[in-house]
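Following the hints, complete the assembly by docking chain D onto the known chain X.
Chains as they are written, first to last, in our numbering: chain X, 636 to 1196; chain D, 636 to 1196.
Since the hints were derived computationally from the structure, they do not count as laboratory data.
Check before you lean on any hint, since a few could be wrong.
Intra- or inter-copy, both count: the list cannot distinguish identical chains.
[Stated by the list, open to error] Below, simulated EDC-like cross-link-like pairs (lysine to aspartate or glutamate); rule was C-alpha separation at most 16 Å, straight line:
{"id": "1", "residue 1": "K1187", "residue 2": "E742"}
{"id": "2", "residue 1": "K671", "residue 2": "E1112"}
{"id": "3", "residue 1": "K930", "residue 2": "E1149"}
{"id": "4", "residue 1": "K737", "residue 2": "D944"}
Protein chains: 2
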Amino acid sequence: MKVSQYLVKKLVEYKVTDVFGIPGGVILDFIYELDKDENIDVHLSYHEQAAAYAACGYAQRSGRLGVAYATKGPGVTNMMTAIAEAYYDSLPVLYITAHSQKALRRELRIEEEQEMDHVRLVRDITKYAKRIDAVGEVAEAVNAGCRAAVSGRKGPVLLDFSARILKSEIEFPGEHEGKPDSADHEAPDVCINNILTSLRESARPVFLLGDGVRLSKTEETIAKLSEKMDIPMLSSRFSQDIVGGHENYFGYIGSHGLRYSNFILSKTDCIISFGNRMAFQTESESFKPIVEGAKIIRLDIDEQELQRDIPGSSGYRVDLKELIPELVQTAVPRKSFEWLRICHKLKDELKDYDMNPAIMKLSCLIDMLNEDETLVCDIGNNELLVSRAYAVSGNGKNLMHSKAFKTVGSAIGKAIGAYYASRKRVMCIAGDQGMQFNIQELQYISSNQLPIVIVICNNNASEMLKDSERKQGYTYELHTTLNSGYSHPNFKKIADAYGIKYMAARPSADGTIEMLDNEPQIIEIFLDGQCGIQQHLPKGYPCQMFLPQISKDLYSYLDNL
Amino acid sequence: MKVSQYLVKKLVEYKVTDVFGIPGGVILDFIYELDKDENIDVHLSYHEQAAAYAACGYAQRSGRLGVAYATKGPGVTNMMTAIAEAYYDSLPVLYITAHSQKALRRELRIEEEQEMDHVRLVRDITKYAKRIDAVGEVAEAVNAGCRAAVSGRKGPVLLDFSARILKSEIEFPGEHEGKPDSADHEAPDVCINNILTSLRESARPVFLLGDGVRLSKTEETIAKLSEKMDIPMLSSRFSQDIVGGHENYFGYIGSHGLRYSNFILSKTDCIISFGNRMAFQTESESFKPIVEGAKIIRLDIDEQELQRDIPGSSGYRVDLKELIPELVQTAVPRKSFEWLRICHKLKDELKDYDMNPAIMKLSCLIDMLNEDETLVCDIGNNELLVSRAYAVSGNGKNLMHSKAFKTVGSAIGKAIGAYYASRKRVMCIAGDQGMQFNIQELQYISSNQLPIVIVICNNNASEMLKDSERKQGYTYELHTTLNSGYSHPNFKKIADAYGIKYMAARPSADGTIEMLDNEPQIIEIFLDGQCGIQQHLPKGYPCQMFLPQISKDLYSYLDNL
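Here chain X stands alone, though its shape is the one from the complex (with noise of 0.2 Å):
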């Protein structure tokens, strides 16, 4: 068969539905054979750089391989910010390009029309990457590379073919060679008595869950193991979702986090880290006195992750995949329910507070999708709003955030990717700045009759660069708003010129929004400028003293629990 049929076939096996890209001369062999296979569809994109993010969308929503193509020269470099987005939130995709010319010549600045090294581009940002010029290097080169995107901790990887290669004739060496690498991870016993010693020497433990819970596929276990314990779990914001419904799970913390579970963190005296890379400010007057009080151990996949200096902490290689179900068997649950007991009268008390209208909308509309169903976010004011419209009613709802890489601009080629993970609605949420920077990708949408919801939440500015703007002291604000240099232009006008359809909301209206199930749509609502985030933390105050403070009374009962 062709090298080009073998990619294919590879890719069938890592069980890989849907492709993204947009085509060019030296790739088009691959993308026919892409186009012949059953199993796979392949897409067209209207920027190279959606079609990396819906690669990312793709591969976080299933779990699975996502793959884009590129063409060579400004394809390649159009998908760069979707590469290091993979590589910083650990995504487990493939990115496949080519070249035509034979050999490079680096002190040459330009040998043929758009040839470059691409492999020396993305070396920073991805696990594994390799131009490949022979036919004696494909195979281990395409097994090296889905090995590396899928195991330990998961990455891009970026696999560069000759045209001339693609079409060459290779010998299918065998099925399954593909399979994840297990990784040599730490013996895990010395770890788990560490854990459970800690946790029966601590009065007020929690689990701090990251998103190595998820890409570990261990949602169900951690819970289990919550629930056979009594221990209460907290996570970042970004993975809320993960046990998001369930009743041992008592929110996100941070200095956007909410106000009862940065108050839980704050009595806590010994936080177990699942996958949790502890990205918070550690260092801060805020959170500095927990982290010094409490019994630290982390559990991460990556060991370079263990050596992020958090003093005092413990650290463990471990795959969660294989520990947690141990942990589970050898666990004894605990003797008093004082301290779940002391969590829940945090929430109850809490809970209600720092909502405005906007988030109430949101939250209305996060109501009306089903579970399974998923929700993206991009970057800006509105991911803030969103997770909190989340905490009061997204249980079951799959959330998409850009978490390390905060790329303006994403959500929409992810949601895309999206949607082919899960064949099912996508509400994909952007800021009126955020929504630009892929507009195009609403073609794609339009096309395809995707059923995506959009929901634009408008205020008219870079919201959150204003805050920067303030906080660092500047007097006026600059390309920040209507008045200085920003503008967007009409969403009405906008959905109509690519065929979709359109509705407007306010956050204090009545009155029902009806929501798309099979097609696309979008959602503008229109912020009117009192919807920000009020609540913050500021700097030097404890982690649980948000402003607008509570009454002097309830803060003190509650400190004293």
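Frame of chain X; chain D shown alone:
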């Protein structure tokens, strides 16, 4: 003064008038300083890619330093394609970025949100790139960076500042140490002798002009040299505007060249290549006999370029700015006009071939531009149409292509930059697919009411790729036509959504088009599928023997001239 102020002062020294970007927290100080300076305007784009293209367009149109900035992480990766564009097309562009993290820990996948090593990322596609973490490094890096961008073979530079450093104090070390280096060129004597001797010995010499002439600003002196010596000038397609209207200029060569230009090339016995990298297919059957049969002298400022293998040629590393004036002084007029007469004959006989209604319509539109206004072309079949239309009527108008990197979707951003470089009307021509890549920038054009006329050559297809599919032998279309997965929005409604005036045109229809001269406009030309580039050079044919063929009699008459 603060480092931000120092940086702005440097830009003013380099006569920068406009800077493009999207703000972010780490780089706020710099853009507020830009905003305060009366010599510089700072502009807000709607995707960093377009900001970075705008800087390319500004540099390409003005010949001065172009500048774009971006915030860390995705801000920088979003600019990658345009940075590569500047590298491939030798455009002097300074990219200014910022970061907040003090030290980079490469072994850790993420330490802080969005933090990465920007410099390593762009190393292969910049002339100079430097991370600046100490005040002591600022002056040297800024001077070295600006110098590198504008000296020798021009190109992009990236300076990546720590946010802290931007706000730190620096002493302004005096002006003007940023002037371009006079690079280490070869003594022109040997070179001049060789050129003059070769020209004396040649019966049919040509000057082959490339963009090096534009970049060295020697358009007028090369024309003088041609006049003094009565030597015809040819160029590559992307340089057809350099001496466009000159009577000794005979068009552009190559496999997409003009029939008469290639005919002239086929008869030459001596090629003096001025800043032209001879990227046409010199090893193909079509061009090899010419390259082997003629004496070739290559003049380039980039030593590496001269090592490109063109058998039998000699090359000199020279600065055309120094060389050409000396040649003008030394050269003596040639005695025979026979060769120029033949060139005119060939042009007269052949210039009306290979036309079609779309080319004629575009040529009418180009006619309506004033001299010194600018045409910016996108990538695809539309650029070939424009090249031909320009050959009919473009004299005096500036023409900008994406030459070596061939970035689809770059024209709209570049058009914005070209406008600010000239403060004159710009026509931006793109296909219906290319138009979609950075369609978000219509918002910039509209909200700032720039006099940019956007011409969409709409053929409902990805025409150039459709050709590739056919040439590579695929029997059906895939993602290139309306029936095979490709589509585009209703551009009339798009214009309305962005508040831009719209007009439709058909190649064969009479009736005048009213072209606006002081506000944005979209003109959509419906090509109706019959206005492709018919003329082509089949593999193995002599370079002057395009299909469709001219009559045998005429061909052999012209061939025997």
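Evaluation of the provided hints:
1. K1187 / E742: neither (69 Å within a copy, 46 Å between copies)
2. K671 / E1112: For K671 and E1112, the Cα distance is within 16 Å only across copies (13 Å; inside one copy 54 Å).
3. K930 / E1149: neither (50 Å within a copy, 75 Å between copies)
4. K737 / D944: Answer is between; shortest inter-copy Cα gap is 15 Å, intra-copy 46 Å.
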